[in-house]
Amino acid sequence: MIYLDNVAGTKPDPRVVEKMLPFLTEKYGNPSAHFYPLGRESFQAINEARENVANLINAEPDEIIFTSCGTESNNLAIKGVANSFKYEGKKHIVISEIEHFSIQNVTAKLSNQGYKTTKLKVDNNGKINLEDLKKAINDDTLIVSIMHANPEIGVIQNIQEIGEVCKEKGVLFHVDAIASTGHIDVDVKKFNCDLLSLSAQNFYGPRGVAALYIKKGVHISPLFDGGYQENGFRSGSENVPGIVGLGEAAKIAKLEMVQYSKNMKYLRDKLINALKGMFSFLHITGDEKDRLPGHVSFWIEYIEGESILLWYALKGICAASGSACSSNILAEDEEDLAASHVLTAIGVPNDICAGSITFSMSKYTTESEIDEVIKVTPEIVNRLCEMSPYYKK
Amino acid sequence: MIYLDNVAGTKPDPRVVEKMLPFLTEKYGNPSAHFYPLGRESFQAINEARENVANLINAEPDEIIFTSCGTESNNLAIKGVANSFKYEGKKHIVISEIEHFSIQNVTAKLSNQGYKTTKLKVDNNGKINLEDLKKAINDDTLIVSIMHANPEIGVIQNIQEIGEVCKEKGVLFHVDAIASTGHIDVDVKKFNCDLLSLSAQNFYGPRGVAALYIKKGVHISPLFDGGYQENGFRSGSENVPGIVGLGEAAKIAKLEMVQYSKNMKYLRDKLINALKGMFSFLHITGDEKDRLPGHVSFWIEYIEGESILLWYALKGICAASGSACSSNILAEDEEDLAASHVLTAIGVPNDICAGSITFSMSKYTTESEIDEVIKVTPEIVNRLCEMSPYYKK
Amino acid sequence: MAKGPYSDKVMDHFMNPRNMGEIEDANGVGEVGNPACGDVMKLFFKIDDNGVIQDVKFKTFGCGAAIASSSMATELLKGKTVEEVLELTNNAIVEALDGLPPAKIHCSVMAEEAIEAALKDYYKRIGKDPSIVDEMKAKIKNRVKS
Amino acid sequence: MAKGPYSDKVMDHFMNPRNMGEIEDANGVGEVGNPACGDVMKLFFKIDDNGVIQDVKFKTFGCGAAIASSSMATELLKGKTVEEVLELTNNAIVEALDGLPPAKIHCSVMAEEAIEAALKDYYKRIGKDPSIVDEMKAKIKNRVKS
Ligand SMILES: Cc1ncc(COP(=O)(O)O)c(C=O)c1O
Ligand SMILES: Cc1ncc(COP(=O)(O)O)c(C=O)c1O
Chain A
79 MIYLDNVAGT
89 KPDPRVVEKM
99 LPFLTEKYGN
109 PSAHFYPLGR
119 ESFQAINEAR
129 ENVANLINAE
139 PDEIIFTSCG
149 TESNNLAIKG
159 VANSFKYEGK
169 KHIVISEIEH
179 FSIQNVTAKL
189 SNQGYKTTKL
199 KVDNNGKINL
209 EDLKKAINDD
219 TLIVSIMHAN
229 PEIGVIQNIQ
239 EIGEVCKEKG
249 VLFHVDAIAS
259 TGHIDVDVKK
269 FNCDLLSLSA
279 QNFYGPRGVA
289 ALYIKKGVHI
299 SPLFDGGYQE
309 NGFRSGSENV
319 PGIVGLGEAA
329 KIAKLEMVQY
339 SKNMKYLRDK
349 LINALKGMFS
359 FLHITGDEKD
369 RLPGHVSFWI
379 EYIEGESILL
389 WYALKGICAA
399 SGSACSSNIL
409 AEDEEDLAAS
419 HVLTAIGVPN
429 DICAGSITFS
439 MSKYTTESEI
449 DEVIKVTPEI
459 VNRLCEMSPY
469 YKK
Chain B
79 MIYLDNVAGT
89 KPDPRVVEKM
99 LPFLTEKYGN
109 PSAHFYPLGR
119 ESFQAINEAR
129 ENVANLINAE
139 PDEIIFTSCG
149 TESNNLAIKG
159 VANSFKYEGK
169 KHIVISEIEH
179 FSIQNVTAKL
189 SNQGYKTTKL
199 KVDNNGKINL
209 EDLKKAINDD
219 TLIVSIMHAN
229 PEIGVIQNIQ
239 EIGEVCKEKG
249 VLFHVDAIAS
259 TGHIDVDVKK
269 FNCDLLSLSA
279 QNFYGPRGVA
289 ALYIKKGVHI
299 SPLFDGGYQE
309 NGFRSGSENV
319 PGIVGLGEAA
329 KIAKLEMVQY
339 SKNMKYLRDK
349 LINALKGMFS
359 FLHITGDEKD
369 RLPGHVSFWI
379 EYIEGESILL
389 WYALKGICAA
399 SGSACSSNIL
409 AEDEEDLAAS
419 HVLTAIGVPN
429 DICAGSITFS
439 MSKYTTESEI
449 DEVIKVTPEI
459 VNRLCEMSPY
469 YKK
Chain C
17 MAKGPYSDKV
27 MDHFMNPRNM
37 GEIEDANGVG
47 EVGNPACGDV
57 MKLFFKIDDN
67 GVIQDVKFKT
77 FGCGAAIASS
87 SMATELLKGK
97 TVEEVLELTN
107 NAIVEALDGL
117 PPAKIHCSVM
127 AEEAIEAALK
137 DYYKRIGKDP
147 SIVDEMKAKI
157 KNRVKS
Chain D
17 MAKGPYSDKV
27 MDHFMNPRNM
37 GEIEDANGVG
47 EVGNPACGDV
57 MKLFFKIDDN
67 GVIQDVKFKT
77 FGCGAAIASS
87 SMATELLKGK
97 TVEEVLELTN
107 NAIVEALDGL
117 PPAKIHCSVM
127 AEEAIEAALK
137 DYYKRIGKDP
147 SIVDEMKAKI
157 KNRVKS
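So the protein lines, in turn, are chains A, B, C and D.
Each residue of the first sequence is one higher than the one before, starting from 79 at the first, in the numbering used here.
Each residue of the second sequence is one higher than the one before, starting from 79 at the first, in the numbering used here.
Each residue of the third sequence is one higher than the one before, starting from 17 at the first, in the numbering used here.
Each residue of the fourth sequence is one higher than the one before, starting from 17 at the first, in the numbering used here.
What the hints contain is simulated information worked out from the structure, not anything from laboratory work.
With beta-carbon atoms standing in for the labels, derived distance ranges:
{"#": "1", "chain 1": "A", "residue 1": "LEU408", "chain 2": "B", "residue 2": "ILE452", "range": "53 to 63 Å"}
{"#": "2", "chain 1": "C", "residue 1": "LYS19", "chain 2": "B", "residue 2": "GLU209", "range": "49 to 59 Å"}
{"#": "3", "chain 1": "A", "residue 1": "ASP449", "chain 2": "B", "residue 2": "HIS297", "range": "44 to 54 Å"}
{"#": "4", "chain 1": "A", "residue 1": "TYR306", "chain 2": "D", "residue 2": "LYS19", "range": "15 to 25 Å"}
{"#": "5", "chain 1": "A", "residue 1": "LYS343", "chain 2": "D", "residue 2": "LYS19", "range": "41 to 51 Å"}
{"#": "6", "chain 1": "C", "residue 1": "LYS19", "chain 2": "B", "residue 2": "ASN351", "range": "49 to 59 Å"}
{"#": "7", "chain 1": "B", "residue 1": "GLU445", "chain 2": "D", "residue 2": "LYS19", "range": "26 to 36 Å"}
{"#": "8", "chain 1": "A", "residue 1": "PRO427", "chain 2": "B", "residue 2": "GLY295", "range": "37 to 47 Å"}
{"#": "9", "chain 1": "B", "residue 1": "PRO100", "chain 2": "A", "residue 2": "ASP449", "range": "27 to 37 Å"}
{"#": "10", "chain 1": "C", "residue 1": "ALA108", "chain 2": "B", "residue 2": "LYS212", "range": "52 to 62 Å"}
{"#": "11", "chain 1": "B", "residue 1": "LYS471", "chain 2": "D", "residue 2": "GLY95", "range": "25 to 35 Å"}
{"#": "12", "chain 1": "C", "residue 1": "GLU38", "chain 2": "A", "residue 2": "TYR344", "range": "42 to 52 Å"}
{"#": "13", "chain 1": "D", "residue 1": "GLY95", "chain 2": "B", "residue 2": "ASN351", "range": "48 to 58 Å"}
{"#": "14", "chain 1": "D", "residue 1": "ASP24", "chain 2": "A", "residue 2": "LYS367", "range": "49 to 59 Å"}
Selected chain B positions facing chain D (Cβ under 8 Å, derived; list incomplete):
{"#": "15", "residue": "ALA402"}
{"#": "16", "residue": "MET465"}
{"#": "17", "residue": "SER466"}
When the alpha-carbon atoms are kept at most 30 Å apart in a straight line, the in silico DSSO-like pairs for lysine-lysine are as follows:
{"#": "18", "chain 1": "B", "residue 1": "LYS245", "chain 2": "B", "residue 2": "LYS213"}
{"#": "19", "chain 1": "B", "residue 1": "LYS332", "chain 2": "B", "residue 2": "LYS343"}
{"#": "20", "chain 1": "C", "residue 1": "LYS62", "chain 2": "A", "residue 2": "LYS471"}
{"#": "21", "chain 1": "A", "residue 1": "LYS453", "chain 2": "B", "residue 2": "LYS105"}
{"#": "22", "chain 1": "A", "residue 1": "LYS453", "chain 2": "C", "residue 2": "LYS19"}
{"#": "23", "chain 1": "B", "residue 1": "LYS105", "chain 2": "C", "residue 2": "LYS25"}
{"#": "24", "chain 1": "A", "residue 1": "LYS164", "chain 2": "B", "residue 2": "LYS194"}
{"#": "25", "chain 1": "A", "residue 1": "LYS393", "chain 2": "C", "residue 2": "LYS73"}
{"#": "26", "chain 1": "A", "residue 1": "LYS105", "chain 2": "B", "residue 2": "LYS332"}
{"#": "27", "chain 1": "A", "residue 1": "LYS194", "chain 2": "B", "residue 2": "LYS164"}
{"#": "28", "chain 1": "B", "residue 1": "LYS169", "chain 2": "A", "residue 2": "LYS187"}
{"#": "29", "chain 1": "A", "residue 1": "LYS105", "chain 2": "B", "residue 2": "LYS105"}
{"#": "30", "chain 1": "B", "residue 1": "LYS213", "chain 2": "B", "residue 2": "LYS168"}
{"#": "31", "chain 1": "C", "residue 1": "LYS73", "chain 2": "A", "residue 2": "LYS470"}
{"#": "32", "chain 1": "D", "residue 1": "LYS94", "chain 2": "B", "residue 2": "LYS471"}
Just so you know, these numbers come straight off a predicted model, no measurement behind them.
Beta carbons: idealized from backbone N, C-alpha and C, even for Gly.
Generate the whole structure from the sequences, applying the supplied hints.
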């Protein structure tokens, strides 16, 4: 199997799993139980993890809150400030057209509470225009929320410049760094951000644990009310093994990221170059320079994404597609199928089931795996073109 | 070490951990990735877990939503119906005085949205009076939320009868079964409930995963907005290993609960009888008949809970206390210390730092461990009494 | 291996589509599209003088379900008379494929519509009013109902 | 072993409290309580004719921090004169214990208050106005400030 859907989750690093195991077996204490060693060990373990996560993104440990997934972090960030007494009155939110559902749908939900959202357009490479951002921010603006890197088209935004605009304008700034953390430099001080989301499963940590950076002084209203955990920002018994895993993943990323990202970039560029030479009707999506290491995305005219995915799968290659047909196979109704809003935002024709594909590599991806992708792709594309009523030789 | 704080979390069953392991190592696929086997395996695994959880509580698989902790389940249940369009207008909630913070503080938060809460009193054994319940429910009542078993004093409510009252009155009924599931019979049909919370860490599953039963036809507004996961009731990438662990824990509980609970009851009664014979000023809390297997709770006059806890810990015994002094040792301020609302509700003098202790056993607790507790308790109590200005021989 | 979204039958027809291609001298061609998701299905009929489908081929732009539905439809059509062809409902295609996910049922509907379109084209070519197809279809539906 | 909420010093005094008990013929007894959490601390002084603390004992109802603060206070008091005793602040007790969690600082404050109460009782018994203690305390505080 050649796994190239790492934006959907990476294989946990074996060192991460090893570090977690004691907390699934012998170290089962509740971190709130301070009066016996078993509880204190758990408490110490999550604080060690907190330090490692803080260290990775240049934050302080007490600015890190653990959550259960990237979606929770994003919800907590946006709903948290929207519902905080501290920012009452401000009712405008700025996001981009290519934010994840866990941002898009949150702002949609907040419209019930009178919030208005401006969605910044992106150019054909997926990038936000700073002038647009400046124009979008007004006196009513509460927060700007922008993705650092997009998992579908790999584009990396100029987060530092965006952060400067937000600082100048005096609005809160949230960065969705779920697709970027552990792959490229994420630094809350450089970014000038107030909130930042990251998730373990996206950089060799376990599924089911994520974090939210909350800058000292920034206030959020919690999503969960209950006991004293996480300083009251996130009540509920902690996922100790998961948090330990996230901490270890952060520690490893801090040490090894530069090296493995370099390798991934090499493979990415090799694959992109090969794909570009194959078919005139294959189009790379997302910025080619400012893009995630190991991220290759494209769409093909004449053929449809789900069919391509299925064929790759038959060849043992795991990939993703933003085509409507592959969007929500469990839906009860075709109405619930929708082409990726990211692709339509960058101008991929949305009246057709775009033949879009995303390959996302990991530090475990090898050159021979990429060579195999390069080998099978023409077969698959030719086969489907042959079947297509649109394709003319 | 003698671990008797199982209400704060149990040691995961080794079979649970074994079942989880592949999903931390080789089976790392995203369950939303339906187009390659690695994703489908994860999808199938969480559905198998869903069946096992449903089976344990006599529900249907599609009535089970996975969450990250008991607190999330409770928040999702109460805020979910409060914010659902379906029940708009009803603004009254009924709970008891001895609900967990994750219910108490949710209703407190909802008061900002105009919700009123009636807190039912409990008698000295911790039980709710059905007549009080009937009187509390009015035309404005949206939901009744009652704990099946209380983790601090072990009392089990007559949930079936409470469910009948709710059904008669036509109000929604949520059961917080976090402390009871996996220990005693939990049956959503018998309980006539619309929502029910349970958590893995309370019955030999891993930390960081829980579930909410939502009866077919009941509508909740999600806490997290985002992608398509969990039918839209709970967006966010799933904690696959955790969910698999919860499923296995449910499967084991279904098969073995009756037997291990019988053993725990024997040890419970042995310990209670021994304690009652030791000191005239030691008082068992909670109903003696309707109580969790393996649950022993009491308070001692003249001496303070944290001191008792610390001494037990020095003897290698892990226990819990509801005393103010032991409540929130991480607080920045003594104002944040508070005696347990559960103990004050059942009439334990709240003007003193009650010397309360909770022992909660697991299926792994042995008789020799209980004998050790019986042995060291008089030493500890005598020692602290000697030091107490209240105690007179 | 864990079960995928598609049945083995669907996967078989997806991997080994039957009757894929065009018929140069087709005398009935139907093309339908699904605006919701952009699928396009094109059917080519070669119908003989007795009104029997001698040959049928398809070209499809679409997902696995669309390709499999097209392929299965051609298999079910070959050798049938025009009347029999119209009796082929999307349900029959779904059944023959051992089921489709709910969100993909529309792919089988598209196949049924493509058959109608191709037949209409055929009638037009032989100088008949293509609306005869609608009438025949309505009759069949009434028969099924009663 | 992971570090607990209390320092080793606190745990040592908790496990092996110094000067625990009552003094039958005490000539200064102070009892103070914390209404917030119910702690009660009782100090017994045996003060000789030169105003030197010959013996001191305590009884405490309270948490680990309260017991350790009491115990540490008695250690720091023995052999001191009345004036020296009043200079003992709660901070000194906290320091001597290698720190206390923020929420438990009040336990050391209670110890300081118990000392004052015991001294007032002593002055009352020897026929002096106990408010002299407040004056002495105020003087010390001013000295510290300036
Ligand atoms: C009855 C009850 N409800 C709610 C909770 C909160 O669950 P969690 O700590 O998993 O968030 C607990 C915790 O043990 C509990 O016992
Ligand atoms: C940029 C981005 N934001 C948010 C999310 C949602 O996170 P999760 O799926 O962990 O809930 C993802 C998912 O991969 C993501 O890539």
